[in-house]
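Colleague: Below, each chain spelled out in residue letters.
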Amino acid sequence: MNDIGIITTQQSKKKIYDRLMFWHFKHFKPALLLLPFAIIFILFQIAPMLWIFINSFIFDNAYSLENYREIFDSAFILQGFGNSLWIAFWSSLIGLGIAVVFVSSLRQVDSFMRDWVISFTNMASNFSGVPLAFAFIIILGFNGAITLLLKKYGFIDDFNLYGQWGLLVIYVYFQVPLATLLLYPAFDALHNDWQEASMLLGANRYHYWRYIALPILSPALFGTLIILIANAIGAYASVYALTSGNYNMISIRIASLVSGDMFLEPNLAAAISVLIVLILAFIALINQYLIARSYHDKG
Amino acid sequence: MIKANIIYHKCIVYSTIALLLIPILATFLYSISSSWGASILPDGLSLDWYGQLWQDPRFLAAFGRSLLICIAALLLSTLLIIPLIFVVFYYFPKLSGLMNVLILLPFAVPPVVSSVGLLQLYADSSLQIVGTPWILIGTYFTIALPFMYRATANSLEAINLRDLMDASHLLGASTVQAFLMIILPNIKKGLLASLFLSFSFLLGEFVFSNILVGTRYETLQIYLYHISKSSGHFTSALVMTYFLFVFLLTWLASHISRGTQS
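The listed protein sequences derive, respectively, from chains A and B.
According to the numbering used here, the first sequence is numbered sequentially starting from 1167.
According to the numbering used here, the second sequence is numbered sequentially starting from 1209.
The reader is advised that the hints may include incorrect statements.
Stated by the list, open to error - Here chain A is said to cover these stretches of chain B; the calculated rule only asks that three of the stretch's residues, wherever they fall, bring their Cβ under 8 Å from a Cβ of chain A:
#: 1; segment: 1312-1324
#: 2; segment: 1406-1412
Stated by the list, open to error - Here are the simulated DSS-like pairs of lysine-lysine, each with C-alpha atoms no more than 27 Å apart in a straight line:
#: 3; chain 1: B; residue 1: LYS1302; chain 2: A; residue 2: LYS1195
#: 4; chain 1: B; residue 1: LYS1396; chain 2: B; residue 2: LYS1302
#: 5; chain 1: B; residue 1: LYS1397; chain 2: B; residue 2: LYS1302
#: 6; chain 1: A; residue 1: LYS1317; chain 2: B; residue 2: LYS1437
Stated by the list, open to error - Short derived list, chain A residues pointing at chain B, Cβ under 8 Å:
#: 7; residue: SER1271
#: 8; residue: ASN1288
#: 9; residue: SER1417
Keep in mind the hints are simulated off the structure, nothing from the lab.
Everything numeric in this text was worked out from a predicted model, so none of it was measured.
The C-beta atom is built at its ideal place from N, Cα and C for all residues, glycine as well.
Just chain A, same shape as in the assembly:
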């Protein structure tokens, strides 16, 4: 046993040595081709991340947790977090729900229409940010066509596009095309005959979705939900364009701390940024756990 152990370690040592030689000499020139990419990627992606992380711990030129303490002491910043999380959560959930119904029906129509609709959805997913905010002012602003229409028939008294509910409508609007594009391939996993088979065995539509379709789709659903939430928490352009930065969202707080007109506190912005990335990482971890569990259930 021991001999074999020694031989294998020797072999693996030789392998490692070979690999080192391989890296150092044989492919030196091709490795140089990686350099320009590495430089630009470090300059514009890695370095800013590192700066944020390090400086979030610096207060008055000394290492401390003061920036983080300031966040938790400031009701204003916490409100920004609260508003962002509320909108991110609900817009993602509603957007995902609409997309599931939409995609499951889209799967049943003929292929010509399907291709056409997917192209359109692709295009609609680009309708976001400033142009989207502007379009919503036209239809749902104080004198918007739909606001007036709904008011005329007495559905609503007034609609404030520039507050919580108006923003929720806009966020749902840009989440639906994204969710559709992300979910569409996942429905490959569902076979049409399964629904027929379950119907033959006496299941109704609810049973089919509850016990067959949704469990199979669950990894894709959770994964999509994460991307939607991340997308919503980071969203800045539409809310900025709509409210000129007057509605308190966390992305607006960050931007005003680094490029506003009043006092700039980049290190406080860095600490908020770190918290956002932590929240996203935390959600992703829950997602991993849920996916692992759903696979486990299936096995």
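Position chain B relative to chain A; hints supplied.
Modeller: Leaving out everything else, chain B in the frame of chain A:
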């Protein structure tokens, strides 16, 4: 029963499309109406707003700047990403795991977060690029990276890279020749589709250009933001023009990628 089902599914698809179309159609209607006050439908129709738009030098300049930055950023991305992917796939396949993590970073760190670091790093350093188009070209590269990398990597995985390279080496081609004449044509479609797609959303990028550059180098979206405070009809003509470009770019992208499948 099956027929009833099809009708139900078509209803769902049509109504979702209709909902998604409302803001786009409303903007279009606004852009071709002479005036539209506090009423449900516009008062009259005209194409004047488009005429005014295309004669506005500030719009033409902003549009030109946006096109210039996007093209420069995509050119840079192509020059950096194509050699990178080839080297990773052909010489260092072990690195592809690391690359899959790296290209997720632009997703994990939202632009508004990234811009905090960028602003502090490059505002007072020797590398004076804040407020110039250069910083946008660099950041747009990070936005396009995940899409271009994924699309190109997918097409490289679909071909037999090693066999193709060995065969061309046997026939006397150098590695560079083999790459340019054999591999590149094979990944061209995937690359082009991802380029058009990236172009379409880079044209709509607002966060980086607003925080890092602002009015010092006014791009299309910054111009749109400032002009939307004044004339609504003029702005909707601008939004529709922009949307037409996006439509064209996404159509080209899907057209090309459909060609790959068949």
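Colleague: Taking the hints in turn, state whether each one holds.
Modeller: Hint check:
1. 1312-1324: holds (count 12)
2. 1406-1412: Holds, because 3 residues of the segment 1406-1412 of chain B bring their Cβ atoms closer than 8 Å to Cβ atoms of chain A.
3. LYS1302(B) with LYS1195(A): holds, 17 Å
4. LYS1396(B) with LYS1302(B): Given that 27 Å is the threshold and the Cα spacing comes to 24 Å, the pair holds.
5. LYS1397(B) with LYS1302(B): holds, 26 Å
6. LYS1317(A) with LYS1437(B): Since the Cα atoms of LYS1317(A) and LYS1437(B) sit roughly 25 Å apart, the hinted pair holds (cutoff 27 Å).
7. SER1271: holds, 4 Å
8. ASN1288: holds, 5 Å
9. SER1417: holds, 5 Å
Checked against the numbered hints given earlier, this structure breaks none of them.
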